[in-house]
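**Q** Sequence:
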Amino acid sequence: MKTKKSNPKIKLLLGTGLDTLHFESQEWLETIAFWKDEARFFEDLLKKKELKEKSQNEYTKLLQELDKIHADLFSDIEDSIMKHERLLSRIEKGEKGLSDGNYREEHGALKERMYRFDKDFRMFKKIVFDYVKKS
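Here numbering that gives the first Met the number 0 is used: the first residue of the sequence shown is 0, the next is one more, and so on.
None of these hints come from the bench; they were simulated from the model. Hints may contain errors.
[Claimed, not checked] With a straight-line Cα cutoff of 20 Å, these simulated EDC-like cross-link-like pairs (lysine to aspartate or glutamate) come out:
hint: 1; residue 1: Lys82; residue 2: Glu94
hint: 2; residue 1: Lys82; residue 2: Glu104
hint: 3; residue 1: Lys82; residue 2: Glu29
hint: 4; residue 1: Lys82; residue 2: Glu26
hint: 5; residue 1: Lys118; residue 2: Asp36
hint: 6; residue 1: Lys132; residue 2: Asp43
hint: 7; residue 1: Lys67; residue 2: Glu42
Every value quoted in this text rests on a predicted model; they were computed, and no experiment measured them.
Kindly generate the complete structure, drawing on both the sequences and the hints.
**A** The following block contains the structure:
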C-alpha cells in the first residue's frame with residue numbers, strides 16, 4: 000500500500016502572517032517563470048538531438064510530455080496563484096464575506112501542488128538528460 004507523503008512545511012506556514020504567504024506566492028510565480036525557461040531549453044536540446052539521431056519514438060514522447068507540462072501545468076498553476084493573490088487583495092481591502100481561513104486553506108493546497116509539480120519536473124529533467132547523454 001502506498002502512503003501519501005505530504006510536505007511538513009505546509010502545516011507550518013499556514014499559521015504565519017498573510018504577508019509571509021503573499022511572499023511565498025510571489026516566489027512560486029518566479030519559480031514557474033524559471034521552469035518555463037528550463038522547459039524551453041529542454042525543447043531546444045531535444046530538437047538538436049533529433050537532428051542528430053532521427054529517432055522519433057523517444058523524441059516524440061519527450062516532446063509530448065514537454066507540451067503537456069507547458070500547456071496544462073505552467074498556465075494552470077500560474078493562473079491559480081494569480082487568483083489566490085487577488086483573493087488576498089480582496090481580504091486586505093476588508094471585503095465582506097471573506098476570511099483569511101479560506102485563503103490559508105487555498106494556500107496550503109497550492110503549496111502542495113507546487114511541491115508535487117517540482118518533484119515531477121525534476122524527474123522529467125532527469126529523463127531528458129539521460130536521453131541526451133545517450134548520444
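**Q** Does each hint hold? Answer for all of them.
**A** Okay, the hints, checked on the actual structure:
Only pairs whose Cα atoms come within 20 Å are accepted, and Lys82 paired with Glu94 is accepted, the gap being roughly 15 Å. Between Lys82 and Glu104 the alpha-carbon distance is near 14 Å, which keeps this suggested pair within the 20 Å criterion. Only pairs whose Cα atoms come within 20 Å are accepted, and Lys82 paired with Glu29 is accepted, the gap being roughly 16 Å. With a CA separation close to 15 Å, the supplied pair Lys82 and Glu26 stays within the 20 Å bound.
This hinted pair checks out: Lys118 and Asp36 have alpha carbons roughly 17 Å apart, not beyond 20 Å. A hinted pair counts as satisfied when its Cα atoms are at most 20 Å apart, and Lys132 with Asp43 qualifies at roughly 15 Å. Taking the CA atoms of Lys67 and Glu42, the gap is near 12 Å; set against the 20 Å cutoff, the hint holds.
Consistency with the previously given hints is maintained throughout, with no hint failing.
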